[in-house]
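Peer 1: Residue numbers (this note's numbering), protein chains in the order written: chain A, 17 to 297; chain X, 17 to 297.
Check each hint, because a few of them may be wrong.
Just so you know, same-sequence chains aren't split out, so a pair can sit in one copy or run between any two.
Claimed, not checked - Subject to a maximum C-alpha distance of 30 Å in a straight line, what follows is the list of computed DSS-like cross-link-like pairs (lysine-lysine): (1) 245 x 156; (2) 34 x 174; (3) 117 x 267; (4) 224 x 117; (5) 245 x 29; (6) 297 x 117; (7) 31 x 59; (8) 165 x 117; (9) 273 x 117; (10) 159 x 240; (11) 273 x 240.
If you are wondering where the hints come from, they were derived from the structure by calculation, not from laboratory data.
As the structure is a prediction and not an experimental result, all values here were calculated from the model.
There are 2 protein chains.
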Amino acid sequence: MEIIRSVEEMQAKIKTIKAEQKSLGFVPTMGYLHSGHKSLIDKARIENEFVVVSIFVNPTQFGPNEDMEKYPRNESGDFELCDNAGCDIVFIPTAEDMYRKNYNTFVDVYGLTEGLCGASRPIHFRGVCTVVLKLFNIIKPDKAYFGQKDAQQLGVIKRMVLDLNLDVNIIGCPIVREPDGLAMSSRNTYLSQNERSQALVLSKALKKAQQMLDCGETNVLTLKEEMVKIIDSVPTSIIDYVEFVDNLTLKPLAQVKGEVLIALAVKIGKTRLIDNMVVVK
Amino acid sequence: MEIIRSVEEMQAKIKTIKAEQKSLGFVPTMGYLHSGHKSLIDKARIENEFVVVSIFVNPTQFGPNEDMEKYPRNESGDFELCDNAGCDIVFIPTAEDMYRKNYNTFVDVYGLTEGLCGASRPIHFRGVCTVVLKLFNIIKPDKAYFGQKDAQQLGVIKRMVLDLNLDVNIIGCPIVREPDGLAMSSRNTYLSQNERSQALVLSKALKKAQQMLDCGETNVLTLKEEMVKIIDSVPTSIIDYVEFVDNLTLKPLAQVKGEVLIALAVKIGKTRLIDNMVVVK
Chain A
17 MEIIRSVEEM QAKIKTIKAE QKSLGFVPTM GYLHSGHKSL IDKARIENEF VVVSIFVNPT
77 QFGPNEDMEK YPRNESGDFE LCDNAGCDIV FIPTAEDMYR KNYNTFVDVY GLTEGLCGAS
137 RPIHFRGVCT VVLKLFNIIK PDKAYFGQKD AQQLGVIKRM VLDLNLDVNI IGCPIVREPD
197 GLAMSSRNTY LSQNERSQAL VLSKALKKAQ QMLDCGETNV LTLKEEMVKI IDSVPTSIID
257 YVEFVDNLTL KPLAQVKGEV LIALAVKIGK TRLIDNMVVV K
Chain X
17 MEIIRSVEEM QAKIKTIKAE QKSLGFVPTM GYLHSGHKSL IDKARIENEF VVVSIFVNPT
77 QFGPNEDMEK YPRNESGDFE LCDNAGCDIV FIPTAEDMYR KNYNTFVDVY GLTEGLCGAS
137 RPIHFRGVCT VVLKLFNIIK PDKAYFGQKD AQQLGVIKRM VLDLNLDVNI IGCPIVREPD
197 GLAMSSRNTY LSQNERSQAL VLSKALKKAQ QMLDCGETNV LTLKEEMVKI IDSVPTSIID
257 YVEFVDNLTL KPLAQVKGEV LIALAVKIGK TRLIDNMVVV K
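Modelling step: build the complete structure from the supplied sequences, incorporating the hints.
Peer 2: This is the structure in structure tokens:
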């Protein structure tokens, strides 16, 4: 496995891979890799002749009061996971190389980014779209793999790719969970032992919604109420949102009908966690 | 010469050209082609094995009170000029195909777009950047040709290409002028015979600045004053701006030093015309 730290070197490498006409799978990450990331790399490995994983904690997607500085990092651990998963190149550029002097270009996807996480993280998706577009332009992948865990991000990236006529196939991959149901996230490392068990309210709330839906309940207010009860049972929890939205437009719904994304963001202590589920009615 | 009207068909065609590893030159235009455009196509023809010209009056770069609807069109004349210039493909998509249902993605280059034409046309460069990025993604050119006439546009596109790590070489080409000095523009067709002769004040003002610079004058206020006098000598003229800016950052200057863009926008009757000159001191 090769480790490349410069944009220019990466571009030169991609030229040679393209010249060999190899199919190229790409997994963009912010590092501190876990089994969720590994599932993306595994899928990329199966579906492509060449696999690139990027590790970049992207400054433009963090707000001024967010966890950019303390975002967890584990370079050697990440390299080991990538190597074991059969990744060909890890691309790990510096922020200075990605955003050079006089940098001034940003991409916005409107409509899909105002609600859910976008409401409390106003510049987040602009940063995500911009860095993903840059990475696509550098890596030129045939397929790129994103986790369903960041459901809004997945929807926004798909919209951007369609709108900008990008020649890359976006593959959404299922959420990977701990045995007790907690969705895998690099941010889980922030949780104290006590908070770790409290964090189960997110997946429990989703399970409750699933049960009620199975019993025929489709009224969003009723469903939300029960989910909120479960989350509020943990005194340290602060709900950012619990939303039922159309899975394509991300517009809020009053009734569960069609393909519906049930998404929630909850702070457990100081750690903001997200989880979601897609249901079809 | 082939005429392609659908984005999908164009993408399929580009795949075959890329497979043949032919170098690809691209000239994006809004049609109603004149000798200025021809000079771009000629240069593209010399420098590339394959040449694509696009004709697209892009709705997202026109403000609500601008001349989108009455922008001049001459499809058959454009095809003839392209064919004579040895162009391989004219790509002439519809607005519906370029901006499909639920379209919501836009690219902004900040910093360079606030002054000059950006001041009176606030959404113009967002529209330009977005459509140029889309066209680059569809056509995948090695080189793309832009006129120096739209100096701010050229600077903005160069910035976007650098910032987004796009793999395309941006070639700026000199302004082509009528024998009497008027810069070629599709919008010149709006001018009445009387206005056509009045429109010469733009190039005359630039010539005056050149003369004064040759005589050692570098104070921008003094230079501007003389240019404004010339333009104001035509009673129907309304100055939008006369600016001396750094040619890279487009920031206003008090003194002519380094590479300086002298740019002006003037309304002659109802027609807004632009012209410019780059000087090095």
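Peer 1: Honestly, which of those hints from before does the structure not fit?
Peer 2: 1, 4, 5, 10
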